[in-house]
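Q: Protein sequences appear in the order of chains P and A.
Under the working numbering, the residue at position 395 of the first sequence is numbered 395, and the numbers go up by one with no gaps.
Under the working numbering, the residue at position 228 of the second sequence is numbered 228, and the numbers go up by one with no gaps.
Don't take each hint at face value.
[Said to hold, decoys possible] Partial selection, computed: residues in chain P whose CB lies under 10 Å from chain A:
{"hint": "1", "residue": "LEU225"}
{"hint": "2", "residue": "GLU355"}
{"hint": "3", "residue": "GLN366"}
{"hint": "4", "residue": "ARG373"}
{"hint": "5", "residue": "ASP448"}
{"hint": "6", "residue": "THR451"}
[Claimed, not checked] A partial selection of chain A residues facing chain P, derived with a Cβ cut-off under 8 Å:
{"hint": "7", "residue": "HIS12"}
{"hint": "8", "residue": "SER15"}
{"hint": "9", "residue": "ALA17"}
{"hint": "10", "residue": "VAL19"}
{"hint": "11", "residue": "PRO158"}
{"hint": "12", "residue": "ALA162"}
{"hint": "13", "residue": "LEU164"}
{"hint": "14", "residue": "TYR166"}
{"hint": "15", "residue": "ALA167"}
{"hint": "16", "residue": "TYR168"}
{"hint": "17", "residue": "GLY169"}
{"hint": "18", "residue": "ARG170"}
{"hint": "19", "residue": "MET193"}
By construction, these hints were calculated from the structure, which means they are not laboratory data.
Since the model is a prediction, treat every value here as computed from it, not as a measurement.
The C-beta atom is built at its ideal place from N, Cα and C for all residues, glycine as well.
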Amino acid sequence: MTSFVPLTTVFPGLVWLMAALALVQVSRRAALWRVGTAAPVAWLDGLAKLPRRYLVDVHHVVARDPYASRMHAVVAGGLLASSILTALAILPPLAEFRPYWFLVALAFGVTAVGSLLVGARRYPVKQKRLSAGHFQILPFLLLAYAVGGTITALLLAFGGGGLFGSVALALAAAGGLGLAYEVRHGPMRHAAAGALHLVAHPRPGRFEGRPDTALQPLDLDAPRLGSEMPADFTWNRLLSYDACVSCGRCEIACPAFAAGQPLNPKKLIQDLVAGLSPAEPAYAGNPYPGGRAAEGERGALARLIGPDARIHPDTLWSCTTCRACVEECPMMIEHVDAVVSLRRHETLERGALPEKAVGPVTELRQSGDPGGRPLAARTDFAAGVELPRMAERGGAEILLWLGEGAYDLRYGRSLRALVRLLRDGQVDFAVLGAEERDTGDLARRLGDEATFQALARENIATLSKYRFARIVTADPHALHALRNEYPALGGRYTVVHHTAFLLELIRAGKLNPGRLPDLSVTYHDPCYLARYNGETEAPRAVLDAIGVSRSEMARSGRRAMCCGGGGGAPVSDVPGERRIPDIRMAQAAETGAGIVAVACPSCTAMLEGVTDRKAEIRDVAELLLQAVEAGR
Amino acid sequence: MKIAVLLSAGLHPVSGAPVLPRVEAQAIRMAAGLGASSEIFGLHAGPDAAAIAEALGQGLDRIEHIAVAAGDDPVPALAARLAELAPALILAGRRSQGGDESGLVPYALARALSLPLVSDVVAAAREAEGALRLDQSLGRGALRRVLVRGPVVVTCHPDAPAPLAYAYGRARRGRVETLAVAPAAVPAPAIAMEERPYRRRPKIVKGAPAGGSAAERLKAATGESGSASSGRLLIQPDPEDAAREILAYLRQIGVLAPAGAGAEPKI
Numbered sequence: 001m002t003s004f005v006p007l008t009t010v011f012p013g014l015v016w017l018m019a020a021l022a023l024v025q026v027s028r029r030a031a032l033w034r035v036g037t038a039a040p041v042a043w044l045d046g047l048a049k050l051p052r053r054y055l056v057d058v059h060h061v062v063a064r065d066p067y068a069s070r071m072h073a074v075v076a077g078g079l080l081a082s083s084i085l086t087a088l089a090i091l092p093p094l095a096e097f098r099p100y101w102f103l104v105a106l107a108f109g110v111t112a113v114g115s116l117l118v119g120a121r122r123y124p125v126k127q128k129r130l131s132a133g134h135f136q137i138l139p140f141l142l143l144a145y146a147v148g149g150t151i152t153a154l155l156l157a158f159g160g161g162g163l164f165g166s167v168a169l170a171l172a173a174a175g176g177l178g179l180a181y182e183v184r185h186g187p188m189r190h191a192a193a194g195a196l197h198l199v200a201h202p203r204p205g206r207f208e209g210r211p212d213t214a215l216q217p218l219d220l221d222a223p224r225l226g227s228e229m230p231a232d233f234t235w236n237r238l239l240s241y242d243a244c245v246s247c248g249r250c251e252i253a254c255p256a257f258a259a260g261q262p263l264n265p266k267k268l269i270q271d272l273v274a275g276l277s278p279a280e281p282a283y284a285g286n287p288y289p290g291g292r293a294a295e296g297e298r299g300a301l302a303r304l305i306g307p308d309a310r311i312h313p314d315t316l317w318s319c320t321t322c323r324a325c326v327e328e329c330p331m332m333i334e335h336v337d338a339v340v341s342l343r344r345h346e347t348l349e350r351g352a353l354p355e356k357a358v359g360p361v362t363e364l365r366q367s368g369d370p371g372g373r374p375l376a377a378r379t380d381f382a383a384g385v386e387l388p389r390m391a392e393r394g395g396a397e398i399l400l401w402l403g404e405g406a407y408d409l410r411y412g413r414s415l416r417a418l419v420r421l422l423r424d425g426q427v428d429f430a431v432l433g434a435e436e437r438d439t440g441d442l443a444r445r446l447g448d449e450a451t452f453q454a455l456a457r458e459n460i461a462t463l464s465k466y467r468f469a470r471i472v473t474a475d476p477h478a479l480h481a482l483r484n485e486y487p488a489l490g491g492r493y494t495v496v497h498h499t500a501f502l503l504e505l506i507r508a509g510k511l512n513p514g515r516l517p518d519l520s521v522t523y524h525d526p527c528y529l530a531r532y533n534g535e536t537e538a539p540r541a542v543l544d545a546i547g548v549s550r551s552e553m554a555r556s557g558r559r560a561m562c563c564g565g566g567g568g569a570p571v572s573d574v575p576g577e578r579r580i581p582d583i584r585m586a587q588a589a590e591t592g593a594g595i596v597a598v599a600c601p602s603c604t605a606m607l608e609g610v611t612d613r614k615a616e617i618r619d620v621a622e623l624l625l626q627a628v629e630a631g632r
Numbered sequence: 001m002k003i004a005v006l007l008s009a010g011l012h013p014v015s016g017a018p019v020l021p022r023v024e025a026q027a028i029r030m031a032a033g034l035g036a037s038s039e040i041f042g043l044h045a046g047p048d049a050a051a052i053a054e055a056l057g058q059g060l061d062r063i064e065h066i067a068v069a070a071g072d073d074p075v076p077a078l079a080a081r082l083a084e085l086a087p088a089l090i091l092a093g094r095r096s097q098g099g100d101e102s103g104l105v106p107y108a109l110a111r112a113l114s115l116p117l118v119s120d121v122v123a124a125a126r127e128a129e130g131a132l133r134l135d136q137s138l139g140r141g142a143l144r145r146v147l148v149r150g151p152v153v154v155t156c157h158p159d160a161p162a163p164l165a166y167a168y169g170r171a172r173r174g175r176v177e178t179l180a181v182a183p184a185a186v187p188a189p190a191i192a193m194e195e196r197p198y199r200r201r202p203k204i205v206k207g208a209p210a211g212g213s214a215a216e217r218l219k220a221a222t223g224e225s226g227s228a229s230s231g232r233l234l235i236q237p238d239p240e241d242a243a244r245e246i247l248a249y250l251r252q253i254g255v256l257a258p259a260g261a262g263a264e265p266k267i
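Next up, chain A with everything else stripped away, as it sits in the complex:
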C-alpha cells in the first residue's frame, strides 16, 4: 500500500523555529501503522527542503521534494506528482502552522485528483480487500467510523496518537530527493486577508442562560441540556426500529405530519 504524507514547512508556535508541524508528525505515525516503511514517502513542494528534513527522524525514510519558488502555488506540482505515483492513501495535516501553506491544500489536491477527502481522522486501519477503516473526530470525543475503498485524501486530527519520537540516527540515514521537474510557475491564488495580532475573546455559548447558577451555565455550555441530550443513541439498531425512530423524530420536529393525520407510509 503506497502512502504519501504531505509535509509542510511549519514554524514552532512559541519559538518560531522551523519545525515539522505536530499533526503531520502524527500523520507519519498513522501511515507507519498501515504499511511497510518502504512504501511510505513524504512529499513537499516549496523553495527549501531543509525545513522538512526533520520528518526523516520521525518515521519516514524518504521524502520527495519538488522545488517550487516561494509565493508560487504548490498544488499543481503536488497534483502532477501524486497523479504519476497514484498512492492509495494521501495523508495531510489539517491547517498550516506558521508556514506559507494553508489548510486548503488537501482540498485543492482532492479536487485536482478527483479523490474523496476524509477530514479530521484520528485512527486508520486496514480492512479486507484493500478497504480502509477511518475514525473521524466529530469533536468532544465523538467519533464516526468510515469505511473507504480506493484512493483517498485524509487529513489528520490533533487527537490522533502522539507523534513518534525524533531519532537522530534515522534522520541521518533518511534521504530527501529533490525532483528534477520544472513545473510551470503558477502564482498562489491571492486570498484577500489581513493579519492581526491574536486577541483572546470569551467564548460565546449559544442559548446559555444569562443568569442561573454556575452549575446551570456549565450544563448549558457542555450541552447536557441541549438538543443532543434529548436524543436517543441507537447502536447498530434493527432497520425497522431505526426507521421508526427517524419517522418519530421527523414528526416531532414538524417535517412530517403527525401520526394519523393523512396517509401514513407503511413500513
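If we strip away everything but chain P, and leave its shape as in the complex, we get:
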C-alpha cells in the first residue's frame, strides 16, 4: 500500500463515501418529490412498520417469481450485510480483528453470487418483461463491487495488501460508487425510493390485511380537480413512481396490454417519472402496443395527457381499473389511483371524455342510469316473479340491490334465478324498485367524480328511509361502491355479495341443493370481488356444495385476468389488436370446462359476447338454482 492511510481505514471509508454519495443522489430526487402537493403521512408509524411491510407484504408479491425472490434475497441481503459490516470496520477494534474480515469477505462473496444471478436474467438474452438501459449495467456494477470487496476483505483477513490490494479496492470503488451514483436515475433508485415509499405509502391500509381499494373522494371545491401535471400529484405518490424497478410484472398482468391496446402500466409509471424530471434517461422497456413514441414537454408543470403530450389519451382510457398491475407490483405502486387521478382532470376540467363515453356519462348525470332508461323499468326482468318493494314494506331483513345488469335481458335470467333462490330460502327481502339509482361506479372510474358524488348522495338519502340489516347484490361493482366508497360520503352498510349470501343459506340448511356431478365448471373471478374485496372463496364453496367438477384457470383468485368490462373500458372502446374477453375465454377453454361460472353482470356480458365460444356462461346463482331444482 503506497498510501499513508491503511487499507483498513480506506475500505470502510469507501462504504461511507458510497453512503454519502447515495444520500446526495436521494436528496436530489427528494427535491423533485417536493413539488408534489401535501399528503398526511404517519412517519413514526410507517418507520416502525417498515421491516414488516418489506419482509411480509413485499416478499409475498416477490415470491410469486421464485427465481426473482431468491436472487433478490441473495443480492440485496449480501449487499446490505457486506456494506454495513464494512462500514462498521471504521471502528479500530473491528478493523484490527482479522476473523471479522473473513465475515466481511463471506458477505461480499454472497453478493457476488447474487450479482451473477442478476446477470443471468439479462445476459446473454434479457427476459422480455425487463427494461434495458441503465439496468443492463447493474450486474457489472454489482459484480465489481462484490468481487473487489471480497478480495480486499480476504487480503485484510490474511494481512496482505500492496498493489494487488489497491487494484481490488479500485474495483470495489468503481462498482460501489457506480451503484451509489445510480440511486438518482438508475436501477438502485428503487431501493432508496422503495424503502421511503413503504414508510409513506398513500394506502397504509394495504399492509393491515384489509383490501384498501376504495378511490379517495375528491374535494369538488378544490381549486384544481384531478392531476394535469406531475406537480398535481401528492409528493408521496411522486415518490412511489420513483420506486418502480421496471420489472414488467404489471405489463404481463395487464389485460389492455395483452389485447394490444395502447397501455403498458410500466411505461405509464415511467412516463410519470420522466414527465417529472426532464433529465430522466430514455425508457428502455416495452412500449405502449401500437402507441406512439413519447413526446411533448417535460417538467413538474408540463401537461401529462394529450395527443401532443407525454401520454396519449387512448392510453389513459384503455385501463379497465382491474388492479391486476397493483396486485402484481412488488414495489406496491398504485397504478389505478394514478389513472383515475389523471382521468379526473381530463373529465372534470377539460370535458375530454372519450367520444363514445360522453353519452352514457351524460345519461347517468341526467337520469341516474347510463342507458337513459326509466328507473321503473329496472324491475322489468322480474315479470311474473313477485318482487317486494321497499316503498310498500318500509323495511326488510335484506335489501336486494339490483344494479345496472337488471336492464340486460341475459343478466335478467341470473337475477331471476337469484330471486327464486331467495324465495326458496324464505329470505325476507325487498328491492328499491324505481327508487334505485345507479351507484355511479361508471362515472367514478371515468373520472366524473361530481356525478358519482351526486348519485351517491341521492342513493344514501333513499337508503336512509328504510330499515334493513344488510344489502345483498349480485353486482361486484355496486358492492364495491356501496361497501367501500359510500362510507366516505356518509353511507355505511353491511354489503354481501350474492355468492356469499347463497353460501350462508346453504350452510344454514335453508337451501338444499342436489348435486350436479356431470357439469365441469371453471370459475372466473370478477376483479371487483376478488382483487378489490378479497372474496374468492364463497363462489367456489357454492360450486363445491353442488358437486360440480371444478377446475381452475391458470390465472384465478386475486390474480385472475379481467374480462375487459370494468373502468368504463367498454364505453370508451379504445381499439386494440384483440379483445380482452376473447383472451379470457381462450384461457377458460384451456381448462376444458364446459361451463364458465361468473358472478358479475359485466363479466356475463363480456364473456357471453365472445364469438365461437365453446363454453356456456352461467352465473353461480343459475347453477345453484339448477342444483336446487335437481334436489327436489
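Given chain P, work out where chain A should sit, using these hints.
A: Using the frame of chain P, we list chain A on its own:
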C-alpha cells in the same frame, strides 16, 4: 364574431329532471367551432336560471339570464336584449323539450328582429368576408348548403355533431349574469292546445302498395320507386344543361307545352 346561443329550460325525456336540451348543447358545440369562447354567450329568459346553469359545463363561459315571470312571453325580453347586443349569429334549438318554451321562439325572434332564419342546420363554418356556410338537413341524410351574410337566426338539428362532454370544473368557473332589466310583463300568447298522453301509431306511407312482398313495400316506403328516384341529380351543372333539364322536366309534368307545339324559347 359575437354568437348568442338561446337556452331553454328543458326536462329529461325519461327522468323528468331539469336538463339542458341536447340539441341546445349541440348548438353550443357548433358555436364553439365558429369563434373564440369569449364572444359566445348563452341567453335565457325565464323565472329561474338554475335549470340552464348546466350549459356552463358544456362549452359556455357566460350566460345572460333575463328574469321573466313564469307564464310571461320571453320573446320581447329576448328581442330587446339581442337588438342591443346585435350578435352576428343567434343559435337556437328547434323545439322545446318538456319546458315552457316552444319551437316558435326562434321564428318569433327572427320576425321581431327582422332577421333571416335558417332552420335545421347540422354544420356551420366561416367563409371569407364574414359569410357563414351552413349545412341544412333536409331529412334522410340529404343536405343543402347555404351561404349567408349578415346576422342570422339558426336553429340546430339533432343530426349536428354530438354535444361536448359536461365538465364540472368549467361549470364551476362559468357565470350566470342575471340582467337587471324589468321588461313589461307580456303574457305568453295563448295557443289553443290540449295535452294527451302519447300513443304510438303506425306510420302511414302514401302510395304504398297494399299487397306485394315485404321487399316491395319497403322499396315503396323508402322512396326508391317514388318521384325522387326517377329524377336526375346534377352537381354544379353547366347553366345551359341545367336550364335544358328544367325545361324538359316542366314539359314532362305538363307545365309547359311539349316541344314543337308553339313558340319554343331560345336558349
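Q: Against this structure, judge whether each hint is valid.
A: Right, here's what the structure says about each hint:
no. : hint   : result
1   : LEU225 : holds, 5 Å
2   : GLU355 : holds, 7 Å
3   : GLN366 : holds, 5 Å
4   : ARG373 : holds, 7 Å
5   : ASP448 : holds, 7 Å
6   : THR451 : holds, 8 Å
7   : HIS12  : holds, 5 Å
8   : SER15  : holds, 4 Å
9   : ALA17  : holds, 6 Å
10  : VAL19  : holds, 5 Å
11  : PRO158 : violated, 13 Å
12  : ALA162 : holds, 6 Å
13  : LEU164 : holds, 6 Å
14  : TYR166 : holds, 6 Å
15  : ALA167 : holds, 3 Å
16  : TYR168 : holds, 4 Å
17  : GLY169 : holds, 4 Å
18  : ARG170 : holds, 6 Å
19  : MET193 : violated, 26 Å
Going through the hint list in order, the structure does not satisfy hints 11, 19.
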